[in-house]
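These protein sequence lines map, in sequence, to chains W and R. For the first sequence, the tail end lands on 323 under UniProt numbering, and the numbers increase by one without skipping. For the second sequence, the tail end lands on 347 under UniProt numbering, and the numbers increase by one without skipping.
Be aware that one or more of the hints could be misleading.
Where chain R lies over chain W, by a calculated footprint (3+ residues, C-beta under 8 angstroms) [unchecked claim]:
| # | stretch |
| --- | --- |
| 1 | 187–199 |
| 2 | 202–215 |
| 3 | 250–256 |
| 4 | 270–278 |
Please keep in mind that the hints were generated in silico from the structure rather than gathered at the bench. Ideal Cβ placement from N, Cα and C applies to all residues, glycine included.
If you want the building blocks of each chain, they are given just below.
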Amino acid sequence: MTLLKVENLTVEFPSRRGTLTAIEDVCLTVAPGEILGMVGESGAGKSMTGAAIIGLIEPPGRIARGQILLNGSRIDNLGREDMRRVRGRQIGAIFQDPLTSLNPVLTVGEQLIETIQTHLKLSRSAARERAIDWLRRVGIPAPEKRVDTYPHQYSGGMRQRVVIALALCAEPRLIIADEPTTALDVSVQAQIIALLRKLCKETGASVILVTHDMGVIAETADRVAVMYAGRVIEVGAVADVLRAPRHPYTAGLMASIPRIGEKPDILPQIDGAMPRLNARPEGCAFNPRCPKRMEVCARLRPDLVADAQGEVACHLFSKELAT
Amino acid sequence: MMHPDDRPLLEVSGLRKSFDLSKPFINRLIERSERQFVKAVDGVDFTIQRGQTLSLVGESGCGKSTVAKLIMGLSRPSGGSIRFEGTELADQPAGKPAQLRRRMQMIFQDPYASLNPRWRVARIIAEPMKSFATHPDPGKRRKEVDRLLEFVGLSAADGDKFPHEFSGGQRQRISIARAISTKPEFLVCDEPTSALDVSVQAQILNLMRELQRELGLTYLFISHDLAVVNYISDWIGVMYLGRLVELAPAAEIFAKPQHPYTRLLLDTVPDISMVNRDMDRPAGEVPNPITPPPGCHFHPRCVHADARCKAQMPDFIASATGHARCHAVQEGRLSPIAERAALRGAV
């Protein structure tokens, strides 16, 4: 039983100097009620994957290959109007900066009522009741009064709560949350993460949580997909991937994060940087930085292979499977 | 590295900075409003020993970056003193005395904004040497630039490129090369890794520690990331609304946090060793610094607050591990938290 199935999704940007491939052959599944974390460094393609799912890729970018299935039906080839109905009603979105996600000249209530009435057949007064109810559920004090105030009258954390209410108010089955806490302070971040988790458990919505922060993933997600240079390279249960990462990149990434209570003389580091879009190496994109590189890695691109522990795209594991 | 005299390299005491947010005079007259000030830094005291790293942590708006700017002379303090090797800097005009300013340099957060996009890297790195006349001869200066580039992990040929040809991590290496080009002893690092990806962050942190070992540098490190601060620091100061609330050795502050705010920060920082933990989340946000709460600024968010906390600002006095600004700690009202390191490890 899957809610969302992404198969071989490839997004390309044609440019004068040739076609740039932002994400390549991305395969993902999300089960109902599940929180899937997507991590990776800037440019790994995690936000692009989220944008593709919600149908918000800016031209000239386009989905070149693959398909996206929501509840078994394709949503990647829908027209503008059809996709607009899917967005909000079936897929909600939460973006990084709560100030730019809200319309500054409309009251918070107007924005909620508009979203609710667009997707649900409700009278204005019923929609208003529901808007107030959602503000209460996301923890806004005195929602009957705050519903008629403007976004600038809210603090950063409160604004992000409003954005969460906006994303959830049409009762979508899937939420794409792209760096929802990056603009917030740590103590507020913790509150927002807890709220997002609680509401999704209550409403049964699934979440794709895009972030660069492994700590946020650890505390929020059920499963995690690690991306590198436009591809998913490892997928597994959060506890497995964090404690026993298998792909050398994931292992290097986990080791390079400083931890409270540990103070090594030298922090393990991965040398180099992620290749740019136009300079991805042949074979496995990680091979020039990989401490366990083999001859085959520079030649052949490893596929994402599933086994009992999860999925990993690395020749170290594909060979073991073959023998 | 030991130095003959063991007086601190940097002594900051009673440092204050307030910004005037008042409306124009006419508006004040018509609206009958008072002048308005925000106390960004309100009485901060600390010292840094030569060769050590002191970090200031806190959430946005707590004044940590303002402290950095005051020390570097990028902003004039409203009060208090900053002594560098005993010389008072607080009342000096910007950039003076030049000989002391040469010995203090700064690394900024955003490597995209802190390098001139129209200058080649060699010129960027050479500029401080030129303005402080440490290498008057252009040939020797270029040689030194090449040496610095290699020292920070780039190649001499990179000097002819422009900043846009480099990734974020490489740009931060260029910033570091520029900062150490005048052979400073003291570096102020304002969130130097916040704009970087984690794998690159590790490279830059390692480079900074290596520089400290090889050049005997002293750091003032500003960050909001407790784990980074834990890795790089000898001493840690926690700031809240313009004041230091706790100052203690790095190892102690995480094992035995005293101030309730330090405990809150430690409890809320997402940690990769805490898979799907469920715990009570602290309520509230940092209040508006223009109208901070009376008494202890932290009391509205503090579970231990009593009548005294609401009325009287606690002093910054000695605690079990260092210094703390909390009535509850001073009165022994806080339950001494068992070794938290043990607790965090047991997952």
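Hints versus structure:
1. 187–199: n = 7 at 8 angstroms, threshold three: holds.
2. 202–215: It holds, with 4 qualifying residues against the three required.
3. 250–256: With 4 residues closer than 8 angstroms to chain R, the stretch 250–256 of chain W meets the three-residue bar; holds.
4. 270–278: With 4 residues close enough to chain R, the hint holds.
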